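Trainee: Each chain, written out:
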Amino acid sequence: MDYKDIIAKYADMPGGIIESFHAIQKELSYLPEEAIVEAAKVFNIPAAEAYGVATFYSMFSTNSRGKNVIRICESAPCHVAGAAEVVAALERELGIKMGESTPDGLFALEFTECVGQCQATPVITINGKPYLDVSPAKIPGILAEYK
Amino acid sequence: MAEEMRIVLRNYGKIDPLKIEDYIAQGGYKPLEKARSMDKEALIDEVKKSNLRGRGGAGFNCGQKWLFAYKADSDVKYVICNADEGEPGTYKDRMIMENDPHTVLEGMAICGYAIGATKGYIYLRGEYPQLVDILNTAIAQAKEKGVLGEFDIEVRSGAGAYVCGEETALIESIEGKRGEPRYKPPYPPVEGLWNKPTIVNNVETFANIPVILEKGGDWYASIGVPSYPGTKVFTLTGDINNKTFFEVPTNTTVRELIYKFGGGIPGGKKFKAVQIGGTSGAFLSEEQLDTPVAFDNMAAVGATLGSGAVFVLDESRDVVDVTTRIAKFFEHESCGKCAPCREGTARMHELMEKLNAGKGSAADIALLERLGRVMSYSCLCGLGQAAPTPVLTTIERFQADYNAKLM
Ligand SMILES: Cc1cc2nc3c(=O)[nH]c(=O)nc-3n(C[C@H](O)[C@H](O)[C@H](O)COP(=O)(O)O)c2cc1C
Ligand code: FES
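Sequence order for the protein chains is Z and L.
Taking our numbering, I'd label the letters of the first sequence as residues 1 to 147.
Taking our numbering, I'd label the letters of the second sequence as residues 1 to 407.
Check the hints yourself; a few may be wrong.
Derived EDC-like pairs (lysine to aspartate or glutamate); straight-line CA-CA distance at most 20 Å [claimed, not checked]: (1) Z:Lys-9 - L:Glu-154; (2) Z:Lys-129 - L:Glu-175; (3) L:Lys-177 - Z:Asp-2; (4) L:Lys-337 - Z:Glu-49; (5) L:Lys-177 - Z:Glu-49; (6) Z:Lys-9 - L:Asp-133; (7) L:Lys-119 - Z:Glu-19; (8) L:Lys-260 - L:Glu-3; (9) Z:Lys-41 - L:Glu-175; (10) Z:Lys-129 - L:Asp-133; (11) L:Lys-119 - Z:Asp-12.
Just so you know, the hints here were simulated from the structure itself, not pulled from any lab data.
It should be emphasised that the depicted structure is a prediction, and the values quoted were computed from it without experimental measurement.
Based on the sequences and whatever the hints tell you, model everything.
Mentor: Below, the structure written as structure tokens:
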């Protein structure tokens, strides 16, 4: 769906700009500049303010990034459970560093704080889906689901 | 010795959360019916009598808060359920909503009737997309059955900002803005969402309400520690055998949580430290373990109950390293609105990195203590005020770890 159609769906929702950004990211994985400008128009706020919203929240990206967003929890419980090893394994397996996307546009690697699945640390999420008790050995199998 | 006691998780494993019939079969939505037959002030009085205090961290008396919103003169008022649950190591609100969404809806509807609001919002953290469907299904079922009456509930998603758990930042976020805390007063019960009187309560707080209506305020007030009665849900993480959640009366001690419920430390290792209440909480050492997990008892040992996270570290852990990680969290999550927090969290992280790398001196520790003290009273909101707590409490209680890393 075109970003204009997506934003239009939320036009009547008071304060709905954040919901519209979520919906755009579901389709495009990030918020293109034109989409932010369009949202500003629809929600009747200055473009700078809409951009301010887009850049405030860590789940929103104003840069294009891989389709499948992998987030690694680095909060203290995951930290002591070995999150650093999971980071190293993901970087090795994908050939990119944290904060980067794979050249084929398939994956983006990001840090996150606690995602609320702390019963089974370390935790990663892919497009919001949690993977629990992750170890370096489990990484290839998890990534294969998205290839 | 304390046993588990399930109030907010009373239906856990007993009902299909996606079937309203199951909830109703357990007596669900009867308390709402009862509430609606009561005089509003008498209803608020009953909640007050229970002495239920907010489970989102600040521990404010729930009925008292409702009374402020009830008394506020306005045609439009709102009820907000704070499901932002951003405190690292916490997932209790998720357990409640995943397993018994209707108890939260019912608690909100009772509040709506009490204060005179017909619209409610659940502000759900963006990290819980699976819960959007569960909650919307529950809302649709409740509407179809007509149990909510006039009261309407809408789910709004956060987008990964810890500060949005702070009630005025949360309100800004629902309004579609950057989640920056407002200056207080006015407080939300007087001027909240779209400047209308608004009640913001935590998921666990709302989940207690139907049971209080069913069994009475006196019954609730008699459970656990009188100054903070009832139960509390705790989530155990770190070096602990049972990495899971427990709902216990508030007279349970930290030691019981770790050794009785948590099953102790894995691998026969010794206990070193526990952080209570999430990443903004205090670290306790062995000497403080017999403290009951109630608000004022915790405050007496310089701790807060916070979200109910219990993060345990064994003897092999480096407290300075863990605290450095925590300091990074606060630098990242500071919204930047006020200078003491924006600058303070950055400097605090910088100093912790220096100490953790073995490049720090005693003067750096003294500087951290001073910075922490200043932040605790000069920051605009609870984020910056609490950010120094883990640093200050570890410096006080785990000095040996710091000394071992001095240049
Ligand atoms: C930085 C910060 C984060 C917070 N995060 C949460 C949260 O995730 N959930 C919550 O219920 N309360 C959170 N609070 C507390 C809320 O501001 C507010 O006190 C609470 O939602 C009131 O509900 P209660 O009275 O039922 O506890 C946070 C406060 C601060 C300062
Ligand atoms: S600490 Fe990593 S999921 Fe909670």
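Trainee: Take the hints in turn and mark each one as holding or not.
Mentor: Hints versus structure:
{"no.": "1", "hint": "Z:Lys-9 - L:Glu-154", "verdict": "holds, 16 Å"}
{"no.": "2", "hint": "Z:Lys-129 - L:Glu-175", "verdict": "violated, 27 Å"}
{"no.": "3", "hint": "L:Lys-177 - Z:Asp-2", "verdict": "violated, 24 Å"}
{"no.": "4", "hint": "L:Lys-337 - Z:Glu-49", "verdict": "holds, 15 Å"}
{"no.": "5", "hint": "L:Lys-177 - Z:Glu-49", "verdict": "holds, 8 Å"}
{"no.": "6", "hint": "Z:Lys-9 - L:Asp-133", "verdict": "holds, 18 Å"}
{"no.": "7", "hint": "L:Lys-119 - Z:Glu-19", "verdict": "holds, 18 Å"}
{"no.": "8", "hint": "L:Lys-260 - L:Glu-3", "verdict": "holds, 9 Å"}
{"no.": "9", "hint": "Z:Lys-41 - L:Glu-175", "verdict": "holds, 16 Å"}
{"no.": "10", "hint": "Z:Lys-129 - L:Asp-133", "verdict": "holds, 14 Å"}
{"no.": "11", "hint": "L:Lys-119 - Z:Asp-12", "verdict": "holds, 16 Å"}
The structure shown violates the earlier hints numbered 2, 3.
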